[in-house]
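Quick note, the sequences are listed as chains A and B, same order. Per numbering that gives the first Met the number 0: the first sequence = residues 0 to 508. Per numbering that gives the first Met the number 0: the second sequence = residues 0 to 294.
The set of hints was computed from the structure by calculation and includes no laboratory data. Positions of the beta carbon are idealized from the N, C-alpha and C atoms, including for glycine. Mixed in with the good hints, there may be bad ones.
Stated by the list, open to error - With a Cα cut of at most 25 Å, we get these calculated BS3-like pairs of lysine-lysine:
| # | chain 1 | residue 1 | chain 2 | residue 2 |
| --- | --- | --- | --- | --- |
| 1 | B | 114 | B | 87 |
| 2 | A | 327 | A | 376 |
| 3 | A | 421 | B | 243 |
| 4 | B | 114 | A | 186 |
| 5 | B | 281 | B | 224 |
| 6 | A | 357 | A | 60 |
| 7 | B | 114 | A | 338 |
| 8 | A | 327 | A | 252 |
| 9 | A | 421 | B | 266 |
| 10 | A | 251 | A | 266 |
| 11 | A | 345 | B | 114 |
| 12 | B | 87 | A | 327 |
| 13 | A | 346 | A | 252 |
| 14 | B | 281 | A | 421 |
| 15 | B | 74 | B | 87 |
| 16 | B | 266 | B | 224 |
| 17 | A | 251 | A | 346 |
Stated by the list, open to error - If you want the ones that stay clear, here's a sample from chain B, every Cβ over 10 Å from chain A, calculated:
| # | residue |
| --- | --- |
| 18 | 82 |
| 19 | 117 |
| 20 | 263 |
Unchecked claim - Residues from chain B shown here face chain A by an in silico Cβ test under 7 Å; the list is partial:
| # | residue |
| --- | --- |
| 21 | 19 |
| 22 | 20 |
| 23 | 22 |
| 24 | 26 |
| 25 | 118 |
| 26 | 283 |
| 27 | 287 |
| 28 | 291 |
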Amino acid sequence: MTQARLYSIITDSRLSAKQKSHYLALEAEASLPYLDIDGKAQQAIDAGILCDMFEGHAPFKPRYVLPDYTKFLSQGSEYLELDPATNFDEALNLLTILYHHVPSVTSIPVYLGQLDTVLMPYVGDLSEQQIYQKIKLFWIMLDRTLPDAFMHVNIGPTDNIICRTILQVDAELKQIAPNLTFMYDEKVTPDDLLRQATDNICVCSKPHIANYPVHAAAFDHSGFGIVSCYNSLPLAGGSNTLVRMNLKELAKKAQNQTDFIESVLPKYCAIMFDLIDTRSSFLHEKSNFFEGFLTTEGLIDESRFAPMFGIYGMSEAVNLLMEEKGSKSQYGHDDVSNKLSYAISKKLADIVATTKVKYGYQGKALLHAQGGISLDKNVTPGVRIPYGTEPDPVTYVQATLPHHQYYTSGISDILTIDETVKTNPLAMFNLAKGALLSGYREFTANVASNDLVRVTGYMVKLSDITKFDEQGSRTNTTFLGAEAAKNTDILKRQPRVAALETMPSYTDE
Amino acid sequence: MIMLESINLDKTGIVSNILTFSCVDGPGNRLVIFLQGCNFDCITCHNPHTINHCDDCGDCVATCPTDALTIVHDKVQWDESLCIGCDKCIDICPSKSNPKTTTYSVTQLLELINKHRYFINGITISGGEATLQLGFIIELFKAVKSSEQLTHLSCFVDSNGSLSQLGWSKLLPFIDGAMIDLKAWQDATHLWLTGRESHRVIQSINQLALHRKLHEVRLLYIPDKTDLLCEVEAVAKYLNSLPKEVYIRLNAFQHHGVIGEGLAWDKCSEVQMQQFSSQLTKRLGRDVLLPSIYT
Numbered sequence: 000m001t002q003a004r005l006y007s008i009i010t011d012s013r014l015s016a017k018q019k020s021h022y023l024a025l026e027a028e029a030s031l032p033y034l035d036i037d038g039k040a041q042q043a044i045d046a047g048i049l050c051d052m053f054e055g056h057a058p059f060k061p062r063y064v065l066p067d068y069t070k071f072l073s074q075g076s077e078y079l080e081l082d083p084a085t086n087f088d089e090a091l092n093l094l095t096i097l098y099h100h101v102p103s104v105t106s107i108p109v110y111l112g113q114l115d116t117v118l119m120p121y122v123g124d125l126s127e128q129q130i131y132q133k134i135k136l137f138w139i140m141l142d143r144t145l146p147d148a149f150m151h152v153n154i155g156p157t158d159n160i161i162c163r164t165i166l167q168v169d170a171e172l173k174q175i176a177p178n179l180t181f182m183y184d185e186k187v188t189p190d191d192l193l194r195q196a197t198d199n200i201c202v203c204s205k206p207h208i209a210n211y212p213v214h215a216a217a218f219d220h221s222g223f224g225i226v227s228c229y230n231s232l233p234l235a236g237g238s239n240t241l242v243r244m245n246l247k248e249l250a251k252k253a254q255n256q257t258d259f260i261e262s263v264l265p266k267y268c269a270i271m272f273d274l275i276d277t278r279s280s281f282l283h284e285k286s287n288f289f290e291g292f293l294t295t296e297g298l299i300d301e302s303r304f305a306p307m308f309g310i311y312g313m314s315e316a317v318n319l320l321m322e323e324k325g326s327k328s329q330y331g332h333d334d335v336s337n338k339l340s341y342a343i344s345k346k347l348a349d350i351v352a353t354t355k356v357k358y359g360y361q362g363k364a365l366l367h368a369q370g371g372i373s374l375d376k377n378v379t380p381g382v383r384i385p386y387g388t389e390p391d392p393v394t395y396v397q398a399t400l401p402h403h404q405y406y407t408s409g410i411s412d413i414l415t416i417d418e419t420v421k422t423n424p425l426a427m428f429n430l431a432k433g434a435l436l437s438g439y440r441e442f443t444a445n446v447a448s449n450d451l452v453r454v455t456g457y458m459v460k461l462s463d464i465t466k467f468d469e470q471g472s473r474t475n476t477t478f479l480g481a482e483a484a485k486n487t488d489i490l491k492r493q494p495r496v497a498a499l500e501t502m503p504s505y506t507d508e
Numbered sequence: 000m001i002m003l004e005s006i007n008l009d010k011t012g013i014v015s016n017i018l019t020f021s022c023v024d025g026p027g028n029r030l031v032i033f034l035q036g037c038n039f040d041c042i043t044c045h046n047p048h049t050i051n052h053c054d055d056c057g058d059c060v061a062t063c064p065t066d067a068l069t070i071v072h073d074k075v076q077w078d079e080s081l082c083i084g085c086d087k088c089i090d091i092c093p094s095k096s097n098p099k100t101t102t103y104s105v106t107q108l109l110e111l112i113n114k115h116r117y118f119i120n121g122i123t124i125s126g127g128e129a130t131l132q133l134g135f136i137i138e139l140f141k142a143v144k145s146s147e148q149l150t151h152l153s154c155f156v157d158s159n160g161s162l163s164q165l166g167w168s169k170l171l172p173f174i175d176g177a178m179i180d181l182k183a184w185q186d187a188t189h190l191w192l193t194g195r196e197s198h199r200v201i202q203s204i205n206q207l208a209l210h211r212k213l214h215e216v217r218l219l220y221i222p223d224k225t226d227l228l229c230e231v232e233a234v235a236k237y238l239n240s241l242p243k244e245v246y247i248r249l250n251a252f253q254h255h256g257v258i259g260e261g262l263a264w265d266k267c268s269e270v271q272m273q274q275f276s277s278q279l280t281k282r283l284g285r286d287v288l289l290p291s292i293y294t
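Build out the structure end to end from the sequences listed, making use of the hints.
Following this line, the structure appears as C-alpha cells:
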C-alpha cells in the first residue's frame with residue numbers, strides 16, 4: 000500500500016464518498032501481513048493457480064451470510080430493541096432494519112430472504128392492490144439504498160400472492176437491485192407461474208431459476224438460499240470464505256490427462272484446503288464475528304457456514320489437455336473433450352466430498368463453478384463454454400448438463416438468447432423447462448438487447464457501462480461491469496454476456 | 000391415433016440444416032428442419048444455396064480448405080467431421096446449391112427429436128420449400144403424432160404456398176399449422192420477384208384458413224420493389240377476410256445471405272417498416288408482428 004494509492008482513491012471523481020470508504024477499508028486490511036500460510040500455498044497464489052478472491056488479509060466477516068429472517072420477524076431483536084412483527088408493514092420495516100446489519104464481502108447483504116415464505120404470514124386481509132403498492136415501494140427502497148446487484152431475493156416454488164407480486168413489480172421497475180431467484184419444482188410450481196418468470200426474463204433478464212428439488216436434496220431440512228451470483232448455501236448459515244482454483248494454470252503443470260486427474264489435481268486441492276482452513280480459522284477463532292447478535296439471537300448458526308471450493312477455466316484446461324494429446328477437440332463442441340471435462344468435475348466433487356475441513360457444513364466444503372471476476376484475462380468462468388464460441392442454447396444446455404450434478408454450491412453460468420425471443424416468450428419457457436426437467440441445477444438467461452445485462456450473477460445496465468468511465472455510477476456493480484468490459488470478453492459474448500462474481504480491489508485504470 | 004405399422008419409417012428426406020433452437024419459426028421453441036430444394040427463385044432469397052439439388056459438378060471440391068469434400072464415383076461427398084463450416088463451397092457453387100446436405104430417414108430424425116423433446120414446443124419443417132418433399136414430411140409427422148413421447152409436439156410447415164390443393168389435403172391431417180409467405184400482391188410483381196405467379200399462394204392460404212390450419216401469413220417488405228405498400232388497401236382487405244387468430248408477420252428485407260441483383264436493393268429500415276406497418280394496421284384494425292432486429 001502506498002499513500003499515492005490511498006490518495007488516488009480519495010480523489011477519484013467516479014466514486015461516491017461511501018464507495019471510497021469501502022475501498023479505503025480494504026486497503027487498510029490489506030496493510031496487515033497476510034495470514035500465516037505455508038510456502039506451497041503462497042507459491043500457488045503467486046503462480047495464479049489459487050486465488051483468495053481479494054477477500055482480505057484478515058477476514059473479519061463471512062463472505063456470505065444468510066440470516067433466518069422468518070425467525071427474526073417472529074421473535075424481534077433484543078439487540079436492535081425491536082418487537083416481533085404483527086403485520087405486513089412491521090414485517091417490511093423490520094427487514095429493512097436488519098438488512099443494514101447483515102455483512103458480506105461487499106458489505107452489502109447478499110441475501111434478503113425467501114421473501115414469499117417470510118412475508119406470507121403477515122399478509123392478513125390486505126388486498127392485492129395494497130400488497131402491490133407496499134412491495135413496489137419496498138423494491139424501490141432496496142435498489143436506492145442498497146445498490147448492489149449481488150443482493151439477492153428468493154421466491155417460489157409455491158404459487159402465492161407475494162411471489163406473483165414480486166415478479167410483477169420486478170418486471171415493471173427493471174431495476175438492477177435486488178437480484179432475484181425463482182425456485183422451480185415440477186411437482187409444486189404451476190406452468191403459468193413458471194411462464195410468468197420466463198416472460199420476466201424476456202423483459203429484464205431476471206429471475207434466475209433454481210431447480211428446487213436438486214438444491215433441496217443437497218441440504219438438510221433447515222433449508223438453503225441462493226445468494227449473490229448463484230451460490231447455494233445453508234440457510235441460517237452461509238459461506239465463510241471462497242477460494243478458487245484456476246484449472247487453466249493447473250493444466251499447464253500436468254504431463255497429460257491422467258497426470259492431471261490422478262496427481263496434479265489432488266495435490267493442489269490439498270494445498271487449497273490448507274489455505275481454506277487457514278482463512279476460515281481466522282474468521283471463526285480470531286475475528287469475534289460469531290460473538291455478535293446475529294449468532295446470539297439465533298439468526299445464524301456458526302456450524303452452518305461452509306467454505307466454497309471454487310473452480311474456473313475448465314474450458315482452457317480441457318483444451319490444453321486435448322492439445323497435449325495432439326487433438327484439436329474443443330470443450331463444448333464435441334463428446335471427447337466434454338467427457339474429459341465431466342471426469343474432471345467428478346474428480347473435484349469426489350475430493351471435496353471426502354475432505355474434512357476445520358469449519359464446514361457437516362464438516363465439508365462446497366464445490367462451486369465460479370463465475371469469474373473482473374480482473375480475469377483469457378480464462379473462462381466456471382465450466383462455461385467460452386464467449387463468442389457458444390453453440391445454440393439447447394446444445395449448450397445439453398453439453399454442460401452433466402456438470403450440474405457436481406456443483407453443490409452452484410454453477411454460475413448464463414445463456415445468451417437473441418432478442419427474437421421477445422416476440423415469442425414461449426420459447427424461453429420451453430428452453431427453461433427443458434433445462435430444468437433435464438436436471439439443470441440452475442437456469443439463467445440474458446436477452447441480448449436488454450438494457451439490463453446480467454454479469455454472472457449481478458445486473459448492470461448496458462447504458463451504465465458506457466457512461467461509467469465519464470461519470471461514475473450510483474451502483475457498486477457498474478464499477479465491476481466497466482472493469483469487466485475492458486478486461487474480459489464481455490462485449491464479445493455471443494451476442495454478449497459478461498461474467499464475474501466478486502468485489503474487486505480498487506483499480507484506477 | 001395413427002397405427003405405427005402404417006408409417007414408412009425408412010422414408011428419407013434431403014436435409015440442408017437442422018436448428019435445435021429457434022424463436023421465429025412458430026409458437027415457442029422449434030426444432031427446425033430445413034429441406035433442400037425450392038421451386039421459387041426469389042431475387043431476395045436469404046438461403047439461395049437451398050434452391051437446387053447438387054448436380055455433382057465438383058466445382059466446390061478444390062475450394063475446401065480441410066478436404067472435407069471429395070469426389071467418389073462421380074458424386075460429391077461431404078465428410079462432416081472434417082468440415083469447419085467456412086461455407087467456401089457455397090460461395091463458389093454455380094448452381095445455387097450446397098454439397099453439405101444430409102439424407103435422413105424418418106427413424107433417424109425421430110431419434111434426434113427425442114433427444115430434444117423437453118426443450119421444444121414442436122417441430123417446423125422449412126426449406127428450401129418444405130412441401131417439395133411431401134411424402135417425407137407426411138411420414139415424419141405421422142410418426143411424431145403416433146409416438147407416445149412426442150405426440151404433444153406441434154407439427155408446423157413453413158412454405159412458399161406453391162403446393163397444390165390435393166397436396167395440402169394429404170398433409171392437412173398431420174399438421175397443426177402452416178406459415179405461408181406472401182411476397183407480393185399482383186401476379187406480375189410476384190412473378191418478377193419469385194419466378195412464379197401468386198395464384199397458388201393465395202389458394203393455399205385460403206385452403207389452410209378454411210381448415211383452421213393457417214398459423215401465420217408473412218409479408219416480405221422490400222421498399223420500392225414489392226407492391227405491398229401501393230396495394231395496401233387490397234392486401235388489408237384480403238387479410239381481413241382471414242380468421243382473426245391468424246398472425247400477420249412483417250419481415251423487413253435485409254442483405255443477409257442474399258446474392259446477385261438483390262444485394263443492390265436497399266435494405267428495409269426500421270422507419271420504412273414502421274411506415275408500411277402503420278398503413279397496414281390502420282386498415283386491419285389489429286396488430287401485426289414486427290421484426291426485432293434490423294442490420
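Cross-check of the supplied hints:
Distance hint between residue 114 of chain B and residue 87 of chain B is unfulfilled; the C-alpha atoms sit about 31 Å from each other, more than 25 Å. Annotation: proposed proximity of residue 327 of chain A to residue 376 of chain A holds, straight-line Cα distance about 22 Å (limit 25 Å). Note on residue 421 of chain A and residue 243 of chain B: the hinted pairing holds, with a Cα-Cα distance of about 22 Å set against a maximum of 25 Å. A distance of roughly 23 Å separates the Cα atoms of residue 114 of chain B and residue 186 of chain A; the hinted pair therefore holds under the 25 Å criterion.
A hinted pair counts as satisfied when its Cα atoms are at most 25 Å apart, and residue 281 of chain B with residue 224 of chain B qualifies at roughly 22 Å. A distance of roughly 17 Å separates the Cα atoms of residue 357 of chain A and residue 60 of chain A; the hinted pair therefore holds under the 25 Å criterion. Distance check on the hinted pair: residue 114 of chain B and residue 338 of chain A sit about 18 Å apart at the alpha-carbon level, within 25 Å; holds. Under the criterion of a C-alpha separation no larger than 25 Å, the hint pairing residue 327 of chain A with residue 252 of chain A is consistent with the structure, at around 20 Å.
Under the criterion of a C-alpha separation no larger than 25 Å, the hint pairing residue 421 of chain A with residue 266 of chain B is consistent with the structure, at around 23 Å. The hinted pair formed by residue 251 of chain A and residue 266 of chain A meets the criterion: a straight-line CA distance of about 14 Å does not exceed 25 Å. A distance of roughly 24 Å separates the Cα atoms of residue 345 of chain A and residue 114 of chain B; the hinted pair therefore holds under the 25 Å criterion. Between the alpha carbons of residue 87 of chain B and residue 327 of chain A the distance comes to roughly 21 Å, so the proposed pair stays at or under 25 Å and holds.
For a cut-off of 25 Å, the pair hint linking residue 346 of chain A to residue 252 of chain A stands: about 17 Å separates their Cα positions. For the hint pairing residue 281 of chain B with residue 421 of chain A, the CA-to-CA distance comes to about 24 Å; that is within 25 Å, so the pair holds. For the given pair, residue 74 of chain B sits about 18 Å from residue 87 of chain B by alpha-carbon distance, which is consistent with the 25 Å threshold. Between residue 266 of chain B and residue 224 of chain B the alpha-carbon distance is near 11 Å, which keeps this suggested pair within the 25 Å criterion.
Pair hint residue 251 of chain A plus residue 346 of chain A holds up; C-alpha atoms about 18 Å apart against a cutoff of 25 Å. Every beta carbon of chain A lies more than 10 Å from that of residue 82 of chain B, the smallest distance being close to 13 Å; the non-interface claim holds. Distance check on residue 117 of chain B: its Cβ comes as close as 4 Å (rounded) to a Cβ of chain A, failing to clear the 10 Å threshold; non-interface status is violated. Listed as outside the interface, residue 263 of chain B is consistent with that label: its C-beta sits roughly 27 Å from the nearest C-beta of chain A, beyond the 10 Å cut-off.
Given the 7 Å rule on beta carbons, the hint for residue 19 of chain B holds: about 4 Å separates it from the nearest Cβ of chain A. Taking 7 Å as the C-beta contact cut-off toward chain A, the hint placing residue 20 of chain B at the interface holds, the least distance being around 4 Å. The beta carbon of residue 22 of chain B is positioned within 7 Å of a beta carbon in chain A (closest approach about 4 Å), and the interface hint is therefore held. For residue 26 of chain B, the interface hint holds, since its Cβ comes within 7 Å of a Cβ in chain A; the closest pair sits about 6 Å apart.
The beta carbon of residue 118 of chain B is positioned within 7 Å of a beta carbon in chain A (closest approach about 3 Å), and the interface hint is therefore held. Nearest Cβ of chain A to the Cβ of residue 283 of chain B: about 17 Å, over the 7 Å cut. The hint is violated. A hinted interface residue such as residue 287 of chain B counts as satisfied when its beta carbon comes closer than 7 Å to some beta carbon of chain A; here the least separation is about 11 Å, so the hint is violated. Interface hint at residue 291 of chain B: satisfied, since its Cβ lies 5 Å from the closest Cβ of chain A, which is below the 7 Å cut-off.
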